[in-house]
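Protein sequences, first through last, are from chains A and B. Per numbering that gives the first Met the number 0, the first sequence runs over residues 0 to 167. Per numbering that gives the first Met the number 0, the second sequence runs over residues 0 to 453.
Some hints could be false.
What the hints assert, rightly or not - Just a sample of chain B residues kept apart from chain A, beta carbon distances all over 10 angstroms, derived: (1) Ile75; (2) Val222; (3) Glu328.
Said to hold, decoys possible - Derived pair list, reagent style DSSO-like, types lysine-lysine, alpha-carbon separation capped at 30 angstroms: (4) B:Lys196 <-> B:Lys1; (5) A:Lys112 <-> A:Lys10; (6) B:Lys1 <-> B:Lys272; (7) B:Lys99 <-> B:Lys301; (8) B:Lys196 <-> B:Lys99; (9) B:Lys199 <-> B:Lys99; (10) A:Lys152 <-> B:Lys301; (11) B:Lys272 <-> A:Lys112; (12) B:Lys66 <-> B:Lys1; (13) A:Lys148 <-> B:Lys272; (14) A:Lys10 <-> B:Lys129; (15) A:Lys112 <-> B:Lys129; (16) B:Lys94 <-> B:Lys66; (17) A:Lys10 <-> B:Lys199; (18) B:Lys301 <-> B:Lys29; (19) A:Lys10 <-> B:Lys94; (20) B:Lys1 <-> A:Lys10; (21) B:Lys24 <-> A:Lys45; (22) A:Lys10 <-> A:Lys148; (23) B:Lys29 <-> B:Lys99.
Calculated directly from the structure, the hints in this document are not laboratory data. Computed from a predicted structure; not experimentally measured. Think of the CB as a built atom: it goes at the ideal place given N, C-alpha and C, for glycine as much as any other residue.
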Amino acid sequence: MRKGPNTLFEKVRGVSDVGIEVECAHLVVDLPPDQRTPARHLRIYKEFGAAAIPLQMIKMHPGGISFAVERERLADVREILTRMGYRYQYTDEMVIISVISVNMREMYGVMAKIAETLLEADTEIAQLGDSHDSVLCIVPKRNAQEAIKRLRKTFNLRGASHGKEARP
Amino acid sequence: MKILVQKFGGTSVATPENRDLCAAKVVQAKEDGYSPVVVVSAIGRKGAPYATDTLIDELRSVDPATKPDLHEYDMIVTVGEVISTAIMAQLLRSKGYPAKSMTGYQAGIITDDRHGDARIQRIDPRYVMKALEQGIIPVVAGFQGVSEPDSPDHHPEITTLGRGGSDTTAAALGAALGASAVEIYTDVNGVMTADPKIVKDAVTLDTVTYLEIAETAHLGAKVLHPRAAEIAMDYNIPLWVKDTFTNERGTLVTHVETPPKWPRVTGVTSSGKVVYFDFIVGEPRDKARIELELFRLFAASKVSIYMISASPTSVGFAVERSLLPRIQEMLQGLIIPTELPDGSLRWYILSLGDSAGLQGQRALMDRFADRIDLRVVEATMTENCSVVSMISGQILKTPAVLAEVAETLDAAGVEIYQIADTEYSLSLLVLESEAERAVQALHAHFVGQRPESI
Chain A
0 MRKGPNTLFE
10 KVRGVSDVGI
20 EVECAHLVVD
30 LPPDQRTPAR
40 HLRIYKEFGA
50 AAIPLQMIKM
60 HPGGISFAVE
70 RERLADVREI
80 LTRMGYRYQY
90 TDEMVIISVI
100 SVNMREMYGV
110 MAKIAETLLE
120 ADTEIAQLGD
130 SHDSVLCIVP
140 KRNAQEAIKR
150 LRKTFNLRGA
160 SHGKEARP
Chain B
0 MKILVQKFGG
10 TSVATPENRD
20 LCAAKVVQAK
30 EDGYSPVVVV
40 SAIGRKGAPY
50 ATDTLIDELR
60 SVDPATKPDL
70 HEYDMIVTVG
80 EVISTAIMAQ
90 LLRSKGYPAK
100 SMTGYQAGII
110 TDDRHGDARI
120 QRIDPRYVMK
130 ALEQGIIPVV
140 AGFQGVSEPD
150 SPDHHPEITT
160 LGRGGSDTTA
170 AALGAALGAS
180 AVEIYTDVNG
190 VMTADPKIVK
200 DAVTLDTVTY
210 LEIAETAHLG
220 AKVLHPRAAE
230 IAMDYNIPLW
240 VKDTFTNERG
250 TLVTHVETPP
260 KWPRVTGVTS
270 SGKVVYFDFI
280 VGEPRDKARI
290 ELELFRLFAA
300 SKVSIYMISA
310 SPTSVGFAVE
320 RSLLPRIQEM
330 LQGLIIPTEL
340 PDGSLRWYIL
350 SLGDSAGLQG
360 QRALMDRFAD
370 RIDLRVVEAT
380 MTENCSVVSM
390 ISGQILKTPA
400 VLAEVAETLD
410 AAGVEIYQIA
420 DTEYSLSLLV
430 LESEAERAVQ
440 ALHAHFVGQR
450 PESI
């Protein structure tokens with residue numbers, strides 16, 4: 000609903016929502032030292048592209064790459080990586096939690112609060128991602144509801160979260 | 000009454016000739032049956048007598064060793080816009096169109112009390128509306144407002160809206176007045192698919208969505224401030240980006256009911272001079288604690304980190320390169336204790352490459368090596384990086400896009416050091432020396448070969 004002329008408010012800084020984005024599996028692929036250049040990564044990306052498997056939260060690490068995929072595609076991903084001869088670890092039953100905030104990069108301390116809250120909740124963060132308006136955390140599904148509850152408390156949020164409920 | 004908000008930036012009002020062009024746009028709007036509300040920035044860029052940067056330099060020159068107080072900062076910089084309003088109003092009057100200059104206060108722009116970077120709390124547009132009803136063109140000072148007094152004993156304080164403040168003023172006034180549209184006049188012909196200085200065949204987009212322009216602005220394009228796009232989106236006000244110096248159509252920023260078919264690439268940007276750090280912790284159990292302490296330290300020091308990546312044994316992030324000396328000073332040799340399950344302590348010392356200070360610190364600690372558990376967190380530092388981004392709705396829902404990006408950059412001889420994806424963009428950390436080549440290659444592949452209008 001449109002606000003009247005005298006009730007105009009610009010969005011305030013701060014975290015406005017916390018919720019589950021998607022259920023996923025998280026994979027870490029080891030790349031030997033001589034295979035860490037983009038041309039080597041390309042082999043993996045091409046295989047997944049050909050199999051129509053979208054990757055999320057792709058990160059490059061000193062020892063390889065990691066990414067998330069929809070849980071339904073985990074078997075396909077594993078089959079491809081095995082066929083290509085890569086060593087990898089995977090964790091099924093994960094979720095991506097998003098912490099939404101306007102102008103994240105003009106604020107300080109959001110990441111520290113998230114890390115502190117999840118550490119206190121004994122929730123391991125498998126991966127972090129950030130953009131100008133959100134922080135994404137891959138965490139175990141079993142910890143997700145408690146993590147969201149605590150994050151919402153940390154950021155003084157009330158009401159329902161935007162995200163999907165994790166499926167039982 | 001059809002209200003049209005027209006905002007003119009510093010370059011647009013820099014010279015009498017330019018201001019004549021601005022006035023012509025206002026007059027045309029009036030002749031077309033609109034009631035224009037004009038928002039202006041300070042006149043000219045750095046070096047011009049009343050430009051914002053010139054006024055800041057004047058304040059700093061009082062004592063270069065003393066950081067200017069933000070209250071005084073707001074007091075001096077707002078003068079630039081006020082001068083601009085009077086000159087523009089006088090120019091419109093000289094052409095036979097009644098006009099009246101207004102400060103942010105007179106235009107009813109009420110902000111929070113954060114000097115230098117205030118947010119608009121509310122707008123009371125009665126004074127602007129009264130002028131419009133009398134057939135007068137209000138010429139409002141952009142970038143400024145006043146804070147709400149805490150009590151009747153207090154007076155409002157003059158505040159400024161931070162970077163892109165005049166765009167924000169225009170969008171907010173447009174929303175408050177229920178304007179038909181907001182026009183942002185600048186020195187480029189709308190929103191382009193890339194910086195034309197880097198990509199010669201960059202094209203101007205006819206239409207972009209609010210989300211696309213906000214993402215583009217956040218990722219380095221300077222054509223419109225994201226706050227303005229976000230306000231326009233919140234209040235569903237059509238926003239145009241137009242060229243002061245031509246009569247071309249420009250770009251319409253609006254809400255689009257039907258998303259583009261293929262995840263079209265709205266643009267390719269490059270931004271920032273950054274350094275990427277990767278801290279190797281080694282012990283997964285302690286990594287979360289070290290990560291947290293790093294985040295806390297950056298928060299306390301007001302240092303923004305981004306493109307964050309974590310693995311079980313490492314944490315990486317980018318920071319602005321200008322902050323590198325400060326980061327090195329903060330982190331080199333920093334000792335972080337972690338508590339083990341049995342209550343004993345393990346000490347981690349951060350190492351950003353070898354230095355005399357670090358060697359000395361380690362030598363001191365090594366003397367107690369038999370009594371304390373001391374480990375080293377080595378950091379790798381990739382200097383001279385830039386962030387190249389492709390903006391596109393649903394970009395990563397197209398499975399092959401990452402392979403296409405990697406293949407395109409590989410062919411162009413560009414190495415990717417890190418990746419960050421959002422719902423609307425894919426950002427790549429590359430060497431600064433390869434950033435232009437990366438923009439050109441991605442633009443040629445994703446924009447040049449797939450023209451897709453909304």
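- Looking back at the numbered hints, which does the structure fail to meet, lowest number first? 4, 6, 7, 8, 9, 12, 13, 15, 16, 17, 18, 19, 21
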